[in-house]
Structures are given as structure tokens and as C-alpha cells.
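Here the protein sequences line up with chains A and B, keeping their order. Here our numbering is used: position 84 in the first sequence is 84, and no number is missing along the way. Here our numbering is used: position 98 in the second sequence is 98, and no number is missing along the way.
No wet-lab data here; the hints were simulated from the structure. Any given hint could be a false lead.
Computed cross-link-like contacts, DSSO-like style, restricted to lysine-lysine with a CA-CA straight-line distance of at most 27 Å [as the list claims (entries may be wrong)]:
#1 B:LYS36 / A:LYS86
#2 A:LYS36 / A:LYS190
#3 A:LYS36 / A:LYS22
#4 B:LYS130 / A:LYS2
#5 A:LYS130 / A:LYS89
#6 B:LYS122 / A:LYS180
#7 A:LYS89 / B:LYS89
#8 B:LYS2 / A:LYS89
#9 A:LYS122 / B:LYS122
#10 A:LYS2 / A:LYS36
#11 A:LYS86 / A:LYS22
#12 B:LYS2 / A:LYS46
#13 B:LYS130 / A:LYS36
#14 A:LYS190 / A:LYS86
#15 B:LYS190 / A:LYS89
#16 A:LYS190 / A:LYS180
#17 B:LYS46 / A:LYS89
#18 B:LYS180 / A:LYS122
#19 A:LYS130 / B:LYS36
#20 A:LYS122 / A:LYS190
#21 B:LYS180 / A:LYS89
#22 A:LYS130 / B:LYS86
#23 B:LYS22 / A:LYS86
#24 B:LYS89 / A:LYS22
#25 A:LYS180 / A:LYS122
#26 B:LYS36 / B:LYS130
#27 A:LYS86 / B:LYS2
#28 B:LYS190 / A:LYS46
#29 A:LYS130 / B:LYS122
#30 A:LYS36 / A:LYS130
#31 B:LYS22 / B:LYS36
#32 B:LYS130 / B:LYS190
#33 A:LYS190 / B:LYS46
This is what each chain is made of:
2 protein chains.
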Amino acid sequence: MKLFSFWRSLATFRVRIALNLKGVMPDEIIEINLVKGDQRDAAFRKINPMMAIPALIEDDGTVLFESLAILEDLDETHPNPPLLPKEPKARARVRALAQIVACDTHPLIVPRVREYLAHEYKIDEAGILKWGHHWHTQSLIALETHLSGSPQTGRYCQGDQVTIADICLAGQAAGASYFKCDIAPYPTIKRIVDELNTIDAFARAHPLQQPGAPASV
Amino acid sequence: MKLFSFWRSLATFRVRIALNLKGVMPDEIIEINLVKGDQRDAAFRKINPMMAIPALIEDDGTVLFESLAILEDLDETHPNPPLLPKEPKARARVRALAQIVACDTHPLIVPRVREYLAHEYKIDEAGILKWGHHWHTQSLIALETHLSGSPQTGRYCQGDQVTIADICLAGQAAGASYFKCDIAPYPTIKRIVDELNTIDAFARAHPLQQPGAPASV
Numbered sequence: 001m002k003l004f005s006f007w008r009s010l011a012t013f014r015v016r017i018a019l020n021l022k023g024v025m026p027d028e029i030i031e032i033n034l035v036k037g038d039q040r041d042a043a044f045r046k047i048n049p050m051m052a053i054p055a056l057i058e059d060d061g062t063v064l065f066e067s068l069a070i071l072e073d074l075d076e077t078h079p080n081p082p083l084l085p086k087e088p089k090a091r092a093r094v095r096a097l098a099q100i101v102a103c104d105t106h107p108l109i110v111p112r113v114r115e116y117l118a119h120e121y122k123i124d125e126a127g128i129l130k131w132g133h134h135w136h137t138q139s140l141i142a143l144e145t146h147l148s149g150s151p152q153t154g155r156y157c158q159g160d161q162v163t164i165a166d167i168c169l170a171g172q173a174a175g176a177s178y179f180k181c182d183i184a185p186y187p188t189i190k191r192i193v194d195e196l197n198t199i200d201a202f203a204r205a206h207p208l209q210q211p212g213a214p215a216s217v
Numbered sequence: 001m002k003l004f005s006f007w008r009s010l011a012t013f014r015v016r017i018a019l020n021l022k023g024v025m026p027d028e029i030i031e032i033n034l035v036k037g038d039q040r041d042a043a044f045r046k047i048n049p050m051m052a053i054p055a056l057i058e059d060d061g062t063v064l065f066e067s068l069a070i071l072e073d074l075d076e077t078h079p080n081p082p083l084l085p086k087e088p089k090a091r092a093r094v095r096a097l098a099q100i101v102a103c104d105t106h107p108l109i110v111p112r113v114r115e116y117l118a119h120e121y122k123i124d125e126a127g128i129l130k131w132g133h134h135w136h137t138q139s140l141i142a143l144e145t146h147l148s149g150s151p152q153t154g155r156y157c158q159g160d161q162v163t164i165a166d167i168c169l170a171g172q173a174a175g176a177s178y179f180k181c182d183i184a185p186y187p188t189i190k191r192i193v194d195e196l197n198t199i200d201a202f203a204r205a206h207p208l209q210q211p212g213a214p215a216s217v
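Put together the whole structure using the sequences plus the hints.
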């Protein structure tokens, strides 16, 4: 199994966490440097025409792409520990919380969007920082409202079991730090993220622990 | 069951298709007019703090939100006809194709993003149209490459069974039309979308068939 990864990629952070939790170790980790534009190289476009990471090539040559699809696949093919609860309504809540991050927020702040804002609309660095801060804030408010207002929230987003919602929340917190967005005003998120950061599978997968990462952002 | 819907919402279009396919009829369809800003009303924020549709309230009061989470829930609770294939790799491909639409593209062109671009960065109507056109084009290219290049593509995105990838693709095609983005240069997408539009569950769910919709966009 080969994982295409970059230290800063939050979508790849999700997959690294899941691989660690499942005890699945890629044979090779190939850096796709999103700052240098490796994602647009012809060789990588053949692997993922969307020019995004993560991508994962299995031993039989199957290419998996899109982080949430990879998480669901890992959970179906490596059921222990499960990343989704058993009960349908709980599964729906977990998936929806994950999607606030992975659909409503993260796609807005990825490199291709920031680059397009800068090149096409001449938005300067401060404007881009404001953009990232705004969308992170919107979803942190929504997530905090969900998490603080539901009896289903436990030690983690859904009870006391780590799920894909937690995996996405950890990425959201790391992403917020990229845009100088403090999570302290969101006490339930902060409590859960602090808890997640103590789990080895999360800590080892963190962007700042990857090859090529700076000491801080 | 109550569905919060708006004619133009592409994420709600997905859920309407799935409900039609599964033969599940909401008791009530409540309009959240995204142009007037109903999504920001305090009453709706209690239902979905992310201020987005679709949202679905079940008879026991459970609130479902985020379209892909709702599709997965409907598929788990109403298994016939299935919206995902059985085989894990095929499921991963279907989910990933769906996520090119629902994660990589659609979140960039929703009302809140267009409004923020206009208000915060003073981008005019032509600039917004270009924005929508650009992101649609990026994902149409990626989707066409995936669909035309894989032996797994059949009558629909994955073989001859309608899946959540097709549901998302139908929304992508409708969304492309909002931004004057022609799908004719993408022959595999066009072929599949034309096929989908002949299915009653898709045709009845189409944005332009909903109350309040104009005759064309």
C-alpha cells in the first residue's frame, strides 16, 4: 500500500489517523508537495485527476481517493476498532459532524482555492487569512452548538468511542491553527481535541510530526 | 418526516432523489428560501446550526443533516433499492466520485460563499459567475477522466446500478447549468446524466420541478 501524503494536508491527516488506529502501515509514503505544485504533475494526475491528496494505492493496484471514502473503506475492510457506531441515527450524526468539516469547511481553504483567490481576484495575504479565519469560525460555531447541545456527546464527539467525526475534528483544530483561529472559545471542541491529542494514533499522524513540517505554523 | 428544502439547493436535490428512489414520502416539505436568508432564522438555526439545507426531521424528532450523511442513512434504513454497491472497492469508488461533487465542488458555490465573495471582497456578478464556472469545470474534467477511463463505468457511474455517485452527478449537471457551464464537452458525464434524467425519481426531484422554481435558470 502506497499513501500519497503531505505534512500540511488536513485530508491526509484524517487518513493517517485512521491507518494508525487500524494498525495498517503503508509500505511507502510518497510526498506530494502541495506548495510546489506536485499535485498538478502528469504522473499524479493519472492517479487522481482531481489533483488532490490523499490518494492510496492498494497492493492490487486499486486507487482510493477522497478522504471520507477512504475512511469508510478502511472501516469496512478493517473493522477493528470501528470508526462508526452501530446504531443508524448515531452513524448519521457522526457522518454529518464529519461532513461539516470535510464538506462545508475544509474545501474552502485548500491550496487550489487560496491560489485562485490570490491570482484571479488579487486578494492579498491578509485577505486570504481572513477568508480562512471566517470559514473556520463559521464551522467551529456550528460544531460547538452541536456538540455542547447534545446528550450524545461524550468523551468524544459521539459517546466514548473514537469515530470519523473525531478524526475530522482533529483536522479542523489543526486547520484552525493555520489561520490563527483560536479554538479556546469553543470549550466542548477544545476538550475533545485535547483528549484526542493524547491518543498515540492521533499524535503520530499530526501535520507537525510529518517529514518536511516546520516546528510550528 | 419533515424535509427542509429549497428548489435551487443542489444538496437537497440529492436527498429528494434518494427519497423518491426509496419510495419514502415526507409528510411535510418546508421551504427554506436561501435567497431571502431563511437559513439564518433563529428557528432554523436550532435545527441546523450550520444554517444549510437539507435537514430532515424524523417522526421521533431526530434531526438529520448533511446530504451525504442523509443518503447513507436512508440506504442503511431503507435498503431497497441499494444506493451503494456491495463490493468494498466499488463502494469506495462510488463514494469518492460522489465526494468530488459534494466535497470538492459544491461547497465552493453555495450561497454563503458567493455572498461572502461579493460582500467582503467586492467581487461583481461576472466575477462570481467566473468562480462558479471555474470550479464546475475543474470537477467536470476530473469526473470525465474518472468515468471515461474506468471499465467500472457502465450505464451509470458504477456499472448498471444507480448509486449515490449518480445522485451527486445529476446535481453537478444541474449546478453547472446555473453557472452557464456546458456539460456537452464531457461525453461520458452527458451520457449518464441524460440517462438519469429519464428516471422518474430524478426528474421529479429536479430543481426546476420544485415549487417556487423559475421556468429555466
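Evaluation of the provided hints:
Proposed proximity of B:LYS36 and A:LYS86 is contradicted: the alpha carbons are some 39 Å apart, above 27 Å. With a C-alpha separation of about 33 Å, the suggested pair A:LYS36 and A:LYS190 falls outside the 27 Å cut-off, and the hint is violated. About 31 Å separates the Cα atoms of A:LYS36 and A:LYS22, which puts this hinted pair outside 27 Å; it is violated. For the given pair, B:LYS130 sits about 37 Å from A:LYS2 by alpha-carbon distance, which is inconsistent with the 27 Å threshold.
Our distance criterion of 27 Å between C-alpha atoms is broken by A:LYS130 and A:LYS89, whose separation comes to about 36 Å. The straight-line distance between the Cα atoms of B:LYS122 and A:LYS180 is roughly 24 Å, inside the 27 Å bound, and the hint therefore holds. A distance of roughly 25 Å separates the Cα atoms of A:LYS89 and B:LYS89; the hinted pair therefore holds under the 27 Å criterion. Restraint check: the Cα-Cα separation between B:LYS2 and A:LYS89 comes to about 16 Å, which is no more than 27 Å; the hinted pair holds.
Under the criterion of a C-alpha separation no larger than 27 Å, the hint pairing A:LYS122 with B:LYS122 is consistent with the structure, at around 12 Å. The suggested pairing of A:LYS2 with A:LYS36 holds, with an alpha-carbon distance near 21 Å, which does not exceed 27 Å. This hinted pair checks out: A:LYS86 and A:LYS22 have alpha carbons roughly 17 Å apart, not beyond 27 Å. With a CA separation close to 43 Å, the supplied pair B:LYS2 and A:LYS46 exceeds the 27 Å bound.
Using a Cα cut-off of 27 Å, the hinted pair B:LYS130 and A:LYS36 holds, with the two alpha carbons roughly 25 Å apart. With a C-alpha separation of about 26 Å, the suggested pair A:LYS190 and A:LYS86 falls inside the 27 Å cut-off, and the hint holds. Between B:LYS190 and A:LYS89 the alpha-carbon distance is near 36 Å, which puts this suggested pair outside the 27 Å criterion. Of the supplied pair hints, the one linking A:LYS190 and A:LYS180 holds, its CA atoms being roughly 15 Å apart against a limit of 27 Å.
Of the pairs offered as hints, the one joining B:LYS46 and A:LYS89 holds, with about 18 Å between alpha carbons and a cut-off of 27 Å not exceeded. Between B:LYS180 and A:LYS122 the alpha-carbon distance is near 24 Å, which keeps this suggested pair within the 27 Å criterion. With a C-alpha separation of about 25 Å, the suggested pairing of A:LYS130 with B:LYS36 holds against the 27 Å cut-off. The suggested pairing of A:LYS122 with A:LYS190 is violated, with an alpha-carbon distance near 35 Å, which exceeds 27 Å.
Between B:LYS180 and A:LYS89, the direct Cα distance comes to roughly 38 Å. Violation of the 27 Å bound is thereby established for this hinted pair. This hinted pair does not check out: A:LYS130 and B:LYS86 have alpha carbons roughly 44 Å apart, beyond 27 Å. With a C-alpha separation of about 22 Å, the suggested pair B:LYS22 and A:LYS86 falls inside the 27 Å cut-off, and the hint holds. Among the hinted pairs, B:LYS89 with A:LYS22 is consistent with the structure: their alpha-carbon atoms are about 18 Å apart, no more than 27 Å.
Taking the CA atoms of A:LYS180 and A:LYS122, the gap is about 22 Å. The hint holds against a cut of 27 Å. Restraint check: the Cα-Cα separation between B:LYS36 and B:LYS130 comes to about 23 Å, which is no more than 27 Å; the hinted pair holds. For a cut-off of 27 Å, the pair hint linking A:LYS86 to B:LYS2 stands: about 24 Å separates their Cα positions. Our distance criterion of 27 Å between C-alpha atoms is met by B:LYS190 and A:LYS46, whose separation comes to about 22 Å.
For the suggested pair A:LYS130 and B:LYS122, the alpha carbons sit about 14 Å apart, so the restraint of at most 27 Å is met. For the suggested pair A:LYS36 and A:LYS130, the alpha carbons sit about 23 Å apart, so the restraint of at most 27 Å is met. Between B:LYS22 and B:LYS36 the CA atoms are separated by roughly 31 Å; this puts the pair beyond 27 Å, and the hint is violated. Proposed proximity of B:LYS130 and B:LYS190 is supported: the alpha carbons are some 22 Å apart, at most 27 Å.
For the suggested pair A:LYS190 and B:LYS46, the alpha carbons sit about 22 Å apart, so the restraint of at most 27 Å is met.
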